Amino acid sequence: MIAYTTIGTADIEKAKTFYLSLLQDLGVSVFIDAGRLAALGSPSGGPMLAVCTPHKGEAPSPGNGNMVAISAGSKELVDKLHAKALKLGGTDEGAPGQRMDSFYGGYFRDPDGNKICFCHFG
Numbered sequence: 003m004i005a006y007t008t009i010g011t012a013d014i015e016k017a018k019t020f021y022l023s024l025l026q027d028l029g030v031s032v033f034i035d036a037g038r039l040a041a042l043g044s045p046s047g048g049p050m051l052a053v054c055t056p057h058k059g060e061a062p063s064p065g066n067g068n069m070v071a072i073s074a075g076s077k078e079l080v081d082k083l084h085a086k087a088l089k090l091g092g093t094d095e096g097a098p099g100q101r102m103d104s105f106y107g108g109y110f111r112d113p114d115g116n117k118i119c120f121c122h123f124g
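Be aware that the sequence shown starts at 3, since it is given in my numbering, and climbs by one per residue.
In short, the hints are calculated from the structure, not lab data. Predicted, not measured: the structure shown is a model, and the values here were computed from it. Careful, some of the hints might be misleading.
No farther apart than 20 angstroms at their CA atoms in a straight line, the calculated lysine to aspartate or glutamate pairs in the EDC-like style are these [as the list claims (entries may be wrong)]:
(1) Lys16 x Asp103
(2) Lys58 x Glu15
(3) Lys89 x Glu15
(4) Lys86 x Asp27
Using the sequences and the hints, build the whole thing.
What follows is the structure, encoded as C-alpha cells:
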C-alpha cells in the first residue's frame, strides 16, 4: 500500500506551517525534515504526507487529476478540517457532503494549488 505521498511547494516553511496547523486534530507531526522535504505523519503510523520543493528547482505544479485524500475519521471532522483549510488560505473545491452511499468528502486546494480531500468512509 501507499507509504507516503509527496506534493510540491514553492515555500517549504509555509507548507509545513499550513499542514501542521491543518492536521493537528489528526495528531500529525513532522517525522522527517530534510531541508527541501518534510514528511508529516501520526504516531500511530500509516501513510505520510510529504511536502517538498521540486528536485530540479523548477516551480511546483499541481497535476490535472491528481489528488491526495486524507481520512478524517468522521463526517464532523471532515467538516471541521475543510473549514480550517479555507481559514488557513486554502480554496474551496467542493463543500463537504455525501458523494456516494458510503463516502463523505470535502475538497480544497492548498496555497500551492494541490488538490486535497478530507473524507470519511462508512
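For the pair supplied as a hint, Lys16 and Asp103, confirm whether the alpha-carbon distance does not exceed 20 angstroms. violated (36 angstroms)
Measure nothing beyond the straight line between the CA atoms of Lys86 and Asp27; if it is 20 angstroms or shorter, mark the hint as holding. holds (11 angstroms)
Would the hint linking Lys58 and Glu15 be met if the CA-CA limit is 20 angstroms? holds (18 angstroms)
Assess, step by step, whether the Cα of Lys89 is no farther than 20 angstroms from the Cα of Glu15, and give holds or violated. Within the cut-off at roughly 18 angstroms; holds.
Of the numbered hints given earlier, the model fails hint 1 alone.
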